[in-house]
Amino acid sequence: MTEKKRSYKVERVLERMKKKLNRQMVASLVACVHCGMCTEACHYVLANPDDPTYAPAYKADQIRRLFKRNFDWTGRVFPWWVHAGNLYTDEELEKLKDIVFGKCTNCRRCSVNCPMGVDYATFNRMMRGCLVSVGIMPEGVAVVSKDQWEIGNQMGVLKEDYLETLDWMSEELVNEVEDPAARIPIDKMDADVVYAINPREVKYDPRTIADAAKIFYCARENWTMPSEEWDMTNFGLFSGDDDLGGGVARRLYEKVIELRGKKLVVSECGHGYRSTRCEGPNWAGMDIPFEMESSVITMLRYLKEGRIKVDKTKNTIPVTFHDSCNNARSCGLFEEPRELLNLVATDFREMYPNRAENYCCTGGGGAMSMSEYTPLRLKSGKIKAEQLKATGAKIVVTSCHNCVDGLTDLIRHYKLGMEVKQLVNLVATAIVVEKKVAVPVEKPLEALAQRSSSGSAAMPIKS
Amino acid sequence: MSDLLNFVENELQLIALGFMGLVYILRIRWILRYKAGRDRQAPTGSSNTTSAKGAIYSLFNIAMPWAMESTRQKFFFYLQFVFFHLAVAANILMSFLIPYAPSLIKPPFIFRSLQVLFAIGCIISCYRLYRRLYDRVINLISTPDDFFSLFLLTIWLFVSIWAAPNHPDQGEGPLLAYFVLTAFFLMYVPFSKISHYLYYPFTRFYFGRTMGHRGVYPLKHSPQPKPTKN
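Just so you know, the protein sequences line up as chains B and C, in that order. Counting in the numbering used here, the first sequence runs from 1 upward without gaps. Counting in the numbering used here, the second sequence runs from 1 upward without gaps.
If we strip away everything but chain C, and leave its shape as in the complex, we get:
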């Protein structure tokens, strides 16, 4: 392994991670500076729920595609969301495994599975780019950051397909590209929409807490009634 690859796999990643962590700490401090609203009123709605139940339900809402009409009706989109995020999560994990526990992804079954997952993620990412370009609503609301973040992820997932086998002896290009992109990704993320996962606990917790207090969450579904004779 060359010194350059050694540097981008280790020191560069740690620098980028440290930078990301620092910006995230500042970001969380910024959000916490705003006062959280409270619910003074006595609870309403179903007595079977509480603020805590509502908050928990809300936080795990994303893992319950049946919970929201939007995910129920767009189940294919939900599946894309799941695979896309699994691919990204696996890719982040791989950026740690290659330098620190390479043996874990050495078995062909493992790295081939990762490659398949990254390929699926990459295809979904391409579809999402297409959607951002050609769906009128999505195009209207998309910012340059939305496009760039998605483009960056698409490239990153694509490169990771070639980096997954982790064979620097067969050429360091894929690994160098992968780790340089990872480092850039880590530094860019805190300023982009990709950091939405940082805000997710805040939005979900507070919304769920309120909706639980008011007896709305967990949401009661409204099954379609059978057609009447009239």
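In isolation and in its complexed conformation, chain B is listed as follows:
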């Protein structure tokens, strides 16, 4: 009997897998005892009780079988005994793509519920990266990754549009606080805070930029926003492409170093915070010479230090808080948002389960950019929808742009009649603006024009 021949792409996937396997992943790949304790931790399973193929252990086994057949001795010698198996065709890779991208948001809920400590999300991401390396990925992942590589941000926002938006938001801020000097500083050297944002804010939600600017203004912060390399999101986290992850993270870090910023503050974004603060240094292989924090922590600090004052009675509508999986389960950011929420809103209602045990909004893992899986995503959102409904809140607050979109979709689909907001919106609403004399700041576009004429250039990605 002749052995079946593997396609070129399958061969490359296996080569990539060999390079990407580390001790943590190998241990997770061999340690599963098929006890099934992870099953009910997964929102896909809970929303699809009749389909056992959503079980995390089953999904993990589709990667594990490949590992066993090619890297583990028992699987090599007795493949049928341990369900080891190979892939041969591109069609089989496509099927695997639907599992690793379409049936898992890498939320890590099964990982924290596994008695063996099997971290499925980590090797699922690894397999995503292997497939991406041969061009097998959802269309949206390809488009977004390309934008992030080529244009420098994941939504393909052009520099001119970005700066115009900042200019517009500066005008809004000036009008709101009635201070002509209250402008967004661009590329200011030696700032105490360099503020990086999600391109979604520029494209769909510029109000969050104005809100953040208002808070920095009221706190009298010495801050700035970069004119380039301002995107703190990183699609490498979702695509599993560590080269993209490292390149994007490095770009931002080097920009902060170039501006001699003391601290990088990232706006409210789960995957942005995780990839910039927690994973980026590992992907980029860099030791970071400045501090990094989420704007949630920054806002809380301003309140604790008395740098801003708030009137919580301006937020009286009942609110609940949704923990982003990346923030809570992968970066430990779950107490600060609650503390802040309690300081700026009068009626905060906890969701159950919460913190690191929270359910995914179903928009995680890049799912919002994979429209082919939208019906499945919305169906699996039933669990989150029930959680939201049970709180009785009218506003769900979250510190993540992906979650904002994911939750907005669910609220519309399940007719929950709720609104999604971010902490920055609530803080900006509650903040008490004190009249003061601020340091004059140049208009962004004028400042940029001056810098362009003095020869400042964009920073390329270093491979």
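Be aware that one or more of the hints could be misleading.
Under the rule of at most 20 Å between Cα atoms (straight-line distance), these lysine to any residue pairs were calculated in the SDA-like manner [claimed, not checked]:
id, chain 1, residue 1, chain 2, residue 2
1, B, Lys-20, B, Asn-70
2, C, Lys-35, B, Phe-71
3, B, Lys-146, B, Lys-159
4, B, Lys-20, B, Asn-282
5, C, Lys-74, C, Arg-136
6, C, Lys-35, B, Asn-70
7, C, Lys-35, B, Arg-23
8, B, Lys-263, C, Ser-47
If you are wondering where the hints come from, they were derived from the structure by calculation, not from laboratory data.
Got chain B sorted already, so can you dock chain C onto it with the hints?
Relative to the frame of chain B, chain C by itself:
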């Protein structure tokens, strides 16, 4: 005691143990060949925890049924897990006690207690086999190795009930069966899912180290809020 029983109780066990040890050494070397990932970034989350705390918490996670939602919600399954593993551990211990310290299990209270424990383990094992056959998810993910390993343990626990009194003078059959099965078990384990305990320290340590560094472990529980008036 016959020469055959003497051989299976002693030399055969040592050969099987030696084989298992050798394969385990190779297995650990294989895992260690893979580079361990590291966390370059500064710690996040609660300042009350560290990588070390996270790793320790993770390693002992299994002894804290309250620590994970899965074990909290399936407490009966957790109890089964505890008794099943206690029975297996006691059985392994007995395979050393019978040849090397038989007096320790001679008191009727001791061997009767062991018999009860093995019987409980055997019943749980049967239930687990049933679950593997009839639970749709578990059946889907079960491999022949999963079934065989569980079947082997069920038989081994069953036989150990009869071997526990250690009365070769009343017939060597149970003891012969017990030690032959033990030897087979020792040789098969390194190639089966039963060797999961070898990987447990690796998965738990690294996962806990990362989660501790990121302030997630020890996990903070999220108590169910009291119902609101609305």
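Can you list which hints this structure breaks, lowest number first? The structure conflicts with no hint, since it agrees with every one listed earlier.
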